[in-house]
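Peer 1: Protein chains in written order, with my numbering: chain D, 21 to 337; chain W, 603 to 1119.
Treat each hint with caution, since some may be false.
[Stated by the list, open to error] Pair ranges (Cβ atoms, derived): (1) 787(W) with 50(D): 32 to 38 Å; (2) 729(W) with 205(D): 56 to 62 Å; (3) 176(D) with 694(W): 40 to 46 Å; (4) 94(D) with 1002(W): 33 to 39 Å.
To be clear, the hints were calculated from the coordinates, so they are not data collected in a lab.
Glycine is no exception: its CB is placed at the ideal position from the N, C-alpha and C atoms.
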Amino acid sequence: MLRFILDRLFHTFLVLLAISFITFFIMYKAGDPVQLLLPPDATQAQVVQMRHTLGLDGSFLTQYRSFLVQLSHGNLGTSFVYGEPALKVVMERLPATLELAVLAMLLSILIGIPLGVIAAVNAGKWKGKAIMLFSLAGISIPVFWIGMVLVLIFSVLFDLLPSSGRGEVYLFTSALTWDGIRHLIMPVVTLALFQLARIIRLTQSGMREVLTQDYIKFARARGLPEHKVVYGHGLRNALIPLVTVIGLQFGQLIAFTIVTETIFAWPGTGKLIIDSIQNLDRPVVVAYLLVIALIFVVINLIVDLLYTLIDPRMRLV
Amino acid sequence: MQRVGSLLGSVILLLTFQITLYAKILTVGVASGALSMDPYAFEELATISILSNIFEAPVTLDRDLKVRPALASSWENPKPTVWIMHLRKNVHFHNGSGFDADDVVFSFDRIKHWARSGFRGEVAMIESAEKIDDYTVRFTTRKPFPLFLKKLSRLRILDKETLAGKTDDWIANHPIGTGPYRFVEWRRGDRIVLKAHPKYWKGKPYFDDLIFKPLTDSATRVAAILSGIVDLINRIPTMDTKRIRDHKELRFFKRPGLRLIYLQMDQHRKHSPYIQTPDGKNPLLDRRVRQALYYGIDEVAIVRYIMSGFALPAGQLSPEAVYGYDPTIKRPDYDPQKAKALLREAGYPDGFTILLDTPNNRYVNDAQIAEAVAVSLAKIGIHVKVNAMPKSRFFGQISRLDTSFFLVGWENVGGDAGSMMSSCIHSYDSKRGYGRYNYGRFSDPRFDRLFESSQEEMDADKRLALLRKAQRIALVEDQGVIPLHFQVDLYAAKQSIRFTPRLDGQIRAFEITEESP
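Between the sequences and the hints, there should be enough to build the whole structure, so can you do that?
Peer 2: Here it is, written out as structure tokens:
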């Protein structure tokens, strides 16, 4: 177990190093931030000086080396635009994004799994068909369209929910205040819909497969009540592939928030990264990708550990 | 008598109670938020606009960009290079500390010498600021400098007592000025919250609270005003204007802005990289070809169909409101026949093929404008391929001169035509700081001489004449660039809001009021 985690940590380190190099290189090639940072009538001397101040006057390798040296001191560099530590800029925005992603994930799991089970048990009947039709729609309709339609209906037409922005924040999250919850509803639903649809489909197909297995027939033959057969024996076995997918999806959700955050002017990392790419703010882009990569790795680790809890047959080697 | 007094007392009590109950709040949805709270960090419209509510300079520009007294109540110009500014007394910073000459000298020093100052170019001509007494400051310019007052309006005053010795980080997080609103909170990407400065020298502002929300997505911005969560938005997308005009509870505002959209052409290489001609030469070196392009673009159609009517066809470098505008220069009518004749004369009867570079996320409808230009020019036989790209790539590419023909914009900040002439039209001269954005490398020594002499001409009428003469050479005689149109700024607000857009597009809440409900 410990060996497994240490192995993983070493891999993580290599992955992060590779990511930092690739991002650094792409941003280096993308263009010159100084052109965007200085006013139109800046002089050549100002350009040279700005380049020096930002540490952009060396070759690519020199710049990358000094980045690594700083990194070894736990410093991800200073944002070109905000003039503050890049990691601080990213971490300031991260709670808003995590809050959206976690709530959307919870919503899609809590609704998606039961619906998927119902759809599997009622396969071929109208109930099952209706659920599958809904999930098909959820997968096919683009996120930004759903967001726009929600805003049109609930804000512009009926004035029930605020059309954009984040509400009152209490202890890093807006999910604890009434104003915050009102602001959260539409972005969370928009973000959750796609995942919800996917989870329904995965649960349904997994369950249908499991329900034909011999141990289910045997459980029925033992005279166990139907809900115990379905949830106790069926779902538990169908969950394993689902956990993997949900784990991976959580990472995707964080990346997906870019669209949702743009529609709802949500002050999370998605908007930050779009702005930073446009402004060629390399330190922030690198810091963001490193943080996100780290989150991905940690989630995968948790998923691997969860396996052993759900399925005692699995043992970490 | 006593009874009247107590009655009066209770009325006043009731009134104050009312006021606290109904704090007047103005929430503004802006297309882009502030980059920093340090007033010298970025010379960028959105940041300057928001900070103009917190900070003030010795002089200010009114809605039409005329110079008006602000922290300086009057001034003298005893010698062409010397300006004596008399400062206002009884002005207080938001933290209660008083304003005097030391603050002006301190601020000038920081804007001019701070390594990250974005305004060093703006104040480059101003040599020094010295304190004469507590309320008098003497500024000296390097040469006679007619634009002194306009540039001085960029010097937002900081409080020396509070800021001396503080780090950049601290200053950026504690914006303390003398303006009508004081800083309360900045939740990045979400909102900037300001409150009225009770001791503001012009009197307490109308709105008690002022909130700026960055709503970068234009559909989100429009939804926000339609659903009523903001009171005012800027930069309405042209395709949504009808919806807002037809809305009963909203008011629609437009004002021709300061930004010119225009085309630059490679005029210094014998063989330009992205032009294919039968003889392999660069046709843009020929004035007749450049004129053919001007006559061959149907700008009226671009304004009508691409800009939904919210732009003004441009016949010169600056719009009417800008100093330097010449009423005698009119944009010639679209004339494809004349354009073809000019091409024939220049030896290109069958036209040529050229690549037009354009950003696609910088100006209103930028890539569509470039496509419309291509359609227009196809009719006179010039085959234009449009190469649209994000601004971050575009500006890097044109600055390496890796282009033959490109679409770009210029904002006549400060309302003086000189800024564009200096940066985009004057021959490239990195030592003297001219022509930094003249990537087409247009060059005419006659223009350079006239423009340079205008820079030291203190007599306003003579200076205007010089600017006009210079523009006539660059535009009418040489066709150094091709003007397309001036953008029109669009705003929407709730019916009750009383607002007149400023020429520079800034949103200053002190100039906005509300009809009492």
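Peer 1: Now, for every hint given, state plainly whether the structure supports it.
Peer 2: Taking the hints in turn, this is what the structure says about them:
{"no.": "1", "hint": "787(W) with 50(D): 32 to 38 Å", "in the structure": "holds (33 Å)"}
{"no.": "2", "hint": "729(W) with 205(D): 56 to 62 Å", "in the structure": "holds (59 Å)"}
{"no.": "3", "hint": "176(D) with 694(W): 40 to 46 Å", "in the structure": "holds (43 Å)"}
{"no.": "4", "hint": "94(D) with 1002(W): 33 to 39 Å", "in the structure": "holds (36 Å)"}
The earlier numbered hints are all upheld by this structure, with none contradicted.
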